[in-house]
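Colleague: Listed below are the residues making up each chain.
There are 2 protein chains.
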Amino acid sequence: MCQLLGMNCNTPTDILFSFEGFHRRGGLTDHHADGWGIAFFEGRGCRLFLDDKPSADSPVAALVRSYPIKSENVIAHIRKATVGPVGLANTHPFLREMWGQYWIFAHNGDLKDYHPAPGRYYRPVGGTDSEAAFCAIMENLRQRWDAPPPLEELWQALLEQAGAIRAHGVFNFMLSNGEWLFAHCSTHLHYIVRQAPFATAHLLDEDITVDFAEETTPDDRVAVIATQPLTDNEHWTRIDPGQALLFKDGRALFHA
Amino acid sequence: MCQLLGMNCNTPTDILFSFEGFHRRGGLTDHHADGWGIAFFEGRGCRLFLDDKPSADSPVAALVRSYPIKSENVIAHIRKATVGPVGLANTHPFLREMWGQYWIFAHNGDLKDYHPAPGRYYRPVGGTDSEAAFCAIMENLRQRWDAPPPLEELWQALLEQAGAIRAHGVFNFMLSNGEWLFAHCSTHLHYIVRQAPFATAHLLDEDITVDFAEETTPDDRVAVIATQPLTDNEHWTRIDPGQALLFKDGRALFHA
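As you go down the protein sequences, you meet chains P and A in turn. Reminder that position 173 of the first sequence reads as 173 in the UniProt record's numbering, one-by-one numbering, no gaps. Reminder that position 190 of the second sequence reads as 190 in the UniProt record's numbering, one-by-one numbering, no gaps.
In short, the hints are calculated from the structure, not lab data. Mixed in with the good hints, there may be bad ones.
Just so you know, same-sequence chains aren't split out, so a pair can sit in one copy or run between any two.
Below, in silico cross-link-like pairs of lysine to any residue (SDA-like), each with a Cα-Cα straight-line distance of 20 Å or less [claimed, not checked]: (1) LYS112 x HIS255; (2) LYS80 x LEU158; (3) LYS80 x GLY45; (4) LYS70 x VAL86; (5) LYS112 x PRO241; (6) LYS53 x ASP14; (7) LYS53 x GLY43.
Can you make the complete structure from the sequences, with help from the hints?
Modeller: So this is what it looks like as structure tokens:
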């Protein structure tokens, strides 16, 4: 099964600590060795690093581990290929533009008998069920609205879409347009919101501790979402199967 | 003025030698210090590295210089900001999807009084004239065709589009969908086709020589396109203002 990692913050924050543990799950501490990727929103811009090498020995991962990119929304994915061969076109996250914004999507799971018709606005490039689902969600939203709707309406539409596609199988996913991050749980997904008073955190996958009090200001708020908890001394909230959250400014704004 | 670099080959080839000279034009040997980017097609997939740091001291450029990514189509750009502030959303190349393919675009120049209406299919995310032109070209093609047309028809449409937008100012650009690379010259653009018998080449910007005979097989063919020649011991062909070429499999397939 693939692994997902997301971050949503109220101030641009680097993801070095979480990524340090997470990237080791791509070939070292777990078996997800069929490529990986990470997308960082910076303002309206977005940069997407992809590699079809396992993240544990990827030169691109070495860069990401040493280059503290500050971002308010991050989505990362380590792939265990199930549908579609290994290759860059099948590596998550996927990127599209809608309403003059970049949108990023990554998926963990498997969809059965899921073959949406090619869209008018969005079509998959690779052969994964995941990119097909992303394009179907984008197509649905774009056909409904020609410009961004109020956030609560968008949230409702995303819940509908997630529910419909979930009927086809395992559909844990994260989606962001750089303003918010939507996380949908079908089997496994956890999150934590870190805010003042900040404490220390210790990684599960490696013996590394960070004292967030030294790295933050009292107003910072950071939500981290991951398939499995990344630290062993903090309380992560399990998202129940069928549940979704929309994170904005580092907090869970909507929950259903 | 910005700098463009492109490569189109008949076999996946790394761009390390050309990039070595090119990246130095971002802040060292020339003044183009407002970010840079490079896109590599690999099969149907595409990876796009962007950085808003000058390429001469960008950690991302250090990665690209040391990681021999093999690609049949590459487009790189070093930015000197003219229209739109420095920032990731305004950093070239730009990426969109059309007809289930990724398309990559980078531009050198300035367009005056150029404000195309927001498209139905493609809208700019950042504030550059360049991304607006890219979206306008994509919108035009997508409105004309629901699926890829014959290449010669596409070529004619690209010539029309390039001619129309060139009326607004300086419009040197490269565009690729991973199968071919279209290069349009408005003021400065040069290219070279390297094929057997291969010889040595010596960079202009740095004292580095490569013997392509050692790096290639006799069937390889590689076209390199750049704002200014990158080597000082080879014959680069100047593309005349108003001219365009479509490169495929390392050769100039169409020329007008």
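Colleague: Now tell me, hint by hint, if it's right for this structure.
Modeller: Verification of the supplied hints:
1. LYS112 x HIS255: Neither, since 27 Å and 47 Å both go past 20 Å.
2. LYS80 x LEU158: neither (25 Å within a copy, 40 Å between copies)
3. LYS80 x GLY45: between (28 Å within a copy, 18 Å between copies)
4. LYS70 x VAL86: between (30 Å within a copy, 16 Å between copies)
5. LYS112 x PRO241: Only inside one copy: LYS112 and PRO241 sit 18 Å apart there, 53 Å across copies, limit 20 Å.
6. LYS53 x ASP14: The answer is between: 17 Å across copies meets 20 Å, while 23 Å in one copy does not.
7. LYS53 x GLY43: Between copies only: 15 Å across, 29 Å inside.
Checked against the numbered hints given earlier, this structure breaks hints 1, 2; the rest are met.
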